[in-house]
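Residue 89 in this note's numbering sits at position 70 of the sequence shown, and the numbers go up by one each step.
Ranges between beta-carbon positions, derived for each pair: (1) 289 with 206: 20 to 26 Å; (2) 563 with 597: 34 to 40 Å; (3) 83 with 508: 41 to 47 Å; (4) 460 with 305: 45 to 51 Å.
Straight-line C-alpha distance at most 27 Å; calculated BS3-like pairs for lysine-lysine: (5) 371 with 292; (6) 445 with 459; (7) 201 with 286; (8) 160 with 292.
It is worth saying that the hints were derived from the structure and are not from the lab. A quick note: this is a predicted structure, and the numbers were derived from the prediction, not measured. Cβ coordinates follow ideal geometry from the N, Cα and C atoms, glycine included.
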Amino acid sequence: MSARRFLVLFLSALTVLRLIYCAQLELSPDEAYYFQWSEHLAPSYFSKGPGIALAMWLSTHLFGVSEFGVRVFSPLLALGTSLLLAALARRLYSEPAAVWTVLLINCTPIFNAGSLVMTIDPLSIFFWAAALYTFWLALEKSPAFFAWWPLTGALIGCGFLAKYTNAMQLLSIVLLLALTPKYRAELRRPGFAALLATFALFTIPVLVWNAQHDWITLRHLGERGGLSDGPRFRPGEFFIYLGLHFGVYSPLIFGAMCVALPWSWKKARVHFKPRFLLAFTLPLFALYFTLALKRAGEPNWTAPAAISLAILTVACWQERAAAGAAASFPRPSPPAAGTGPVPLQPAASGGKWAHTFAIVALAFGGAMSVLTVDAEMLRRAGIPLSYDLDPSARIRGWRTAAEAVETLRQKFEAEHGQPVFLIANKYGTAAGLAFYLQDKRREAPGHPPVYCPMSAVPENQFYFWPRYDALVSYADQARDLLPALDSAPRLALTSALSTLETPGTPEQETERRRQFLIALKAAAPQLPIDENFTESMGYSPFLGRTALYITDRGEERPAASLLREFARSEMIACIDFTRRGLPLRQLRVFACYDYRQPEL
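Assemble the whole structure, with the sequences as input and the hints as a guide.
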């Protein structure tokens, strides 16, 4: 079987298996959270660009709202990334290099997990690989201008809309061109300018949204990277971060990558191909490992850099295998005196050790990948692995948890004779429960099924959606009521509405608001209106209501900030969820009574 045919069959079978398996797993909290983004499309979001929301909006409109509908693009993006890597490795080195690169990346636990769950990483890595490939094609045509230049800018821009890390490719491109005399002039040619201009177009939605929201994303990214902590030096955090990489890439594969780095550095001094790949590897690793001297980050932050490092690793170990084989090429032994010719001596192991190591590393990485996404295999075999040590625990038990919360809500409402609304302790818990609730019970259009506790400053995307502590505008209510009113009250309310927009003295504006409220109360007496209180010009539909607060943090009581919003609270349930006799998750539910009007 030819190498290319093997690659096609391998990737086809693997993609089919991933498409089948991804539909069997419950959504992780992050996936459910991003799905809620897709229900509130916006130019950008609190922590990310709109890429993941747009992808999920498209997939769920094509395949329905389900685990498969949310995730279907993830295995397909993994397939696309593998094909792009194969094409680049083939173009730079050889067909065997393409096969080994695809095998390496698909035996890496972090890549396998990303091929089953739909987060920002599958999009980021795919567009990183695509831009890497088209940029190489652009350089092949240098110094002529080809569409590969603006296409590279567009692909980096698409990646940027999914994950801001992808903008680091611009730094890699500048460094590569500046350090390579042959291509240094490209920095002044139209191709590079077209690349930058095309990329800039993709930043507009993010910049406009952030300008309208006090650049909240910059502050959030600074806090996540530890930049707001002040000058600190914690070498222990660096080694924690390094250890996490050995874990998520598998020890042998990441060890092979570490061996390939100094080899690549030495080769890059005189050869352009390793320099090209290293330029898209080192800056990202250097950035996040430098930040790790203050605080260990997430190992997936460096994942795009592993794309080019995978090809470098294969090239390095192929050279070692070839060198070992050449060194052990059978040579004739010198004939003993007085004897005839002597047969060749048996070949030494030579390059076999490198080949054996590669096979063992891939097999071990593949086994780790399987256990990472389905650690239940160990439990089925009788090994009682704690769910606290199981990364896949995040994608288990949310449907059962939502059913338990729904049953508890129905029972509580039947006992107290009034509907309640739901609040969860954090965005992941809120989103995970919301996706699996049968009765979403949205309080109003655009409201999430489960709220997060409100804060004075943005902490997640829930801050920007309709909130339970927000006031409903009396003016908006009036506009909604107008079509259903009789002529006389409609004319009176229309006239009162129009006066609100007429400038005047503070005393005149206060009187106009009071007259408007009087007209609105006459048209809709059911609304809680005090015509003498004209400052807020709105009301809270949650005033006096009860909320069920759900937490998975083992809290003895809700946070003080939440308690201030209600008259009193009490724990009404502590629900333990187990699988195979082992504790998986615990939810505590508090009834928070008599919601109070937010302070203005």
